[in-house]
Amino acid sequence: MSLDPQLLDILVCPEDKGALVYVESEGVLLNERLCRTYPVRDDIPVMLIDEASQISHDEVQRLLAIAAG
439 MSLDPQLLDI LVCPEDKGAL VYVESEGVLL NERLCRTYPV RDDIPVMLID
489 EASQISHDEV QRLLAIAAG
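For the record, in the sequence shown the residue sitting at position 41 is 479 according to my numbering, with numbers rising by one throughout.
I should point out that these hints are in silico values taken from the structure, not numbers from a laboratory. Warning: the hint list may mix true and false statements.
[As the list claims (entries may be wrong)] Per label pair, the in silico range of CB-to-CB distance:
hint : residue 1 : residue 2 : range
1    : S494      : Q444      : 27 to 37 Å
2    : D496      : Q444      : 24 to 34 Å
3    : L441      : S491      : 17 to 27 Å
4    : E464      : D442      : 10 to 20 Å
5    : D447      : R471      : 16 to 26 Å
6    : R500      : A457      : 26 to 36 Å
7    : G465      : Q499      : 10 to 20 Å
8    : E489      : E462      : 16 to 26 Å
In this text the structure is predicted, and so the values were computed from the model without any measurement. Where is the CB? At the ideal position from N, CA and C, for every residue including glycine.
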């Protein structure tokens, strides 16, 4: 099951309040500006800064490519 599109339209990063990219196959929401991902567990986005993972610029590009299809 994927996240509801209406939910995705309103979700923003809790730190910079910017848009996020959902990478369903990886189970994460991506903030490409801060190089950070937020986990999606059991179809529930975990939007806590302490739960986010810092990732490299290369990983951001990889995830963006996956999200683009």
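The hints, checked one at a time:
In this structure the supplied range 27 to 37 Å holds for S494 paired with Q444, their Cβ-Cβ distance being about 32 Å. Hint check: D496 to Q444, Cβ distance near 32 Å, so the stated range 24 to 34 Å holds. The beta-carbon spacing between L441 and S491, approximately 18 Å, falls within the hinted interval of 17 to 27 Å. Against the hinted window of 10 to 20 Å, the Cβ-Cβ separation of E464 and D442 comes to about 18 Å, which satisfies the hint.
Between D447 and R471 the CB atoms are about 18 Å apart, so this pair conforms to the stated range of 16 to 26 Å. Roughly 19 Å separates the CB atoms of R500 and A457, a value that falls outside the hinted 26 to 36 Å. Under the hint 10 to 20 Å, the C-beta atoms of G465 and Q499, about 18 Å apart, fit the expected range. In this structure, E489 and E462 meet the distance hint of 16 to 26 Å, their C-beta atoms being roughly 18 Å apart.
When the structure is compared with the earlier hints, a violation turns up for hint 6 alone.
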